[in-house]
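Participant: Here are the chains, one letter per residue:
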Amino acid sequence: MALISLQDVTVAYDKNVVLENFNLEVEKGQLLSLLGPSGCGKTTTLRLIAGFMQAQKGHFFFNEKDYTKVPVHKRRFGLVFQNYALFPHLTVFHNVGFGLKCMKISGSKLRNKVLSMLEIVGLTGYENRYPAELSGGQKQRVALARALVIEPDLLLLDEPLSNLDAKLRVSMRVEIRRIQRELGITTVYVTHDQEECFSISDKVAIMNQGVIEQLDRPEVIYQYPETEFVARFVGFYNFINLQLIGVEQETAAFKASNGKVFEALKQKEDIAQESWLGAIRPENVLLIEGSSSKNVVNQIEGKIKIRTYLGRQYQYVVDTSLGEFIVNKDTDRVFENEEQVLLQFPKEKIRLVKKVHERGN
Amino acid sequence: MKESNLVLTLITAMVFVFLLGPLVIIIAAAFSPNEFLAFPPGGFSLRWFENIFKVKMFMRTFEISMQVAVFGTLIALVIGIPAAYALSRYNFIGKNHINTIFISPVLIPGVVLGFTLLRYIVIAKNIPIFTGLLIGHTIIILPYIIRVISSSLANFDYSIEEAAVSLGSSKIRTFFVVVLPNIRSGVIAAFILAFINSFNNVPVSVFLTGPGISTLPIQMLSYVEYYFDPTIAALSVVLMVFTVLLMIVIERTLGLSYFAK
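Chains P and R, in that order, give the protein sequences. For the first sequence, the residue numbers in my numbering are 1 to 361. For the second sequence, the residue numbers in my numbering are 1 to 261.
Just so you know, these hints were derived from the structure itself, not from any lab. These numbers come from a predicted model, not from an experiment. Virtual Cβ for every residue (Gly too), placed ideally from N, Cα, C. Just so you know, not all the hints are guaranteed correct.
[To be verified] Partial chain P-side listing against chain R, Cβ under 7 Å, derived:
id	residue
1	A85
2	G99
3	C102
4	S106
5	L110
6	Y126
7	Y130
In isolation and in its complexed conformation, chain P is listed as follows (with noise of 0.2 Å):
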């Protein structure tokens, strides 16, 4: 069993579910981060296991161990949060001293811990500053070093980087995930921040309305999407409805709503599922000169509606019978507004995705 096992798990405020028969495991060891929009239920998950919030139905699993109603102060998970919630009354010394203190850990052995731990994050001489002295990056060091100290069997952060300028952020991130990596401590991570987020972990969960709509390594997530929401969320724009019409070796063959047939890999042996929507990404949609597709498959014809300068590129909003495409292009040829032109969709760039399932509102 993993060592985060979040099993059937129901939470609701008042009436507005946020989770429903929610699943998720986390392996020993690991970096996991919860991606989503706000309201996609990601701070409420980690705020459940943290024991802050208890699951109306539902099981918590840590370590094999039955959690779900264990307090909040026996659990020894060290949190991380957006706004530091350093204690401003006290020194960084006994910030960091403070999870040791309620361990009954004191005089020289509490000394050195919290001034080895004060070395780790890189904040030595910084011990008799009050919070107030320190800047955000230095505070999200503290609350890091003050969540470390007690040598926690999790360490849970919730955005904790998202009150850091860009530059800040880029090098906290590198140097939590060095620490993590270090200790080998089982962290959740919660962010919206796609970059953030693909960089520092080993998995991560796409978070939408309450569900995953998909765990696995940041590559394949950003490679192999599965659902439309994550293609969106990865930057696949372009999305075509098909019917499948045939299976082969390596290719699948569908059928789009205006008859026209696109081919495109298949991504698993298991294609047995009808209706697919093909996803695209603006830069792999060929832009060719020419006004009929005739019967070459994966090509169909449109007119270039809006373009836009990016600076190394054009982005063209194309109309076609299949409905608008966004495409990026290359300046050596610029296309005119209103030019007839043909889309090209390259087969081993088209992703297999399932359409997002109606969840109320």
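Given the structure of chain P, go ahead and fit chain R onto it with the hints provided.
Facilitator: Same frame as chain P, but now just chain R:
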């Protein structure tokens, strides 16, 4: 250039005259060498200040006033801090009504409160005079405590409390080592404000004092019924200085703007 408006200037001047005039008269009269309260004083003497200490009842009631104010405020803090904490930390049914109930002693005239307490609690339950006085003062003080502490809790970041709990501190320990130190200035302000209110109170005390047990303001009232010498003016000056000193302490520790919230 500022615009000068004759009417406004006049009104402002009158406000100052009415506010400060009586104080000036009292202060001047306190230093009068004469046997009766008069203005202008026609001389300078400290004999009435000495006389305060010669009147035994002043000393005795000052002691009682201090006891009631200190103990009443402490009791109100013990009740008020958890109440303010619960009201600001949690959402529950009837929260607004409870808030209103806690604030209501400010809205009800002290005379009504004092009389009701006397008639239906002190007499009915045969409660000793000092205890009754203490209960009455605790009740009138409580709203101030709750209001001031609530306003300092409004600025308190509860994620700090969550951080402490996550580090292994129980909720009760967290309250004492994390929450309380961070609302300390609010507690000091509440204490001083409540203390002044209790110390100066007349309408509630007048019903709840009795034979042998009286507060200083009540004693002052009965003194002026029989004597008309400037002792009372001298005592007022002493009390004013005492209050001003307390206000300076607040100003130094938190700033008077604390009460504007």
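Participant: Hint numbers the structure violates, sorted upward?
Facilitator: Checked against the structure, the hints that fail are numbers 4, 5, 6, 7, while the rest are satisfied.
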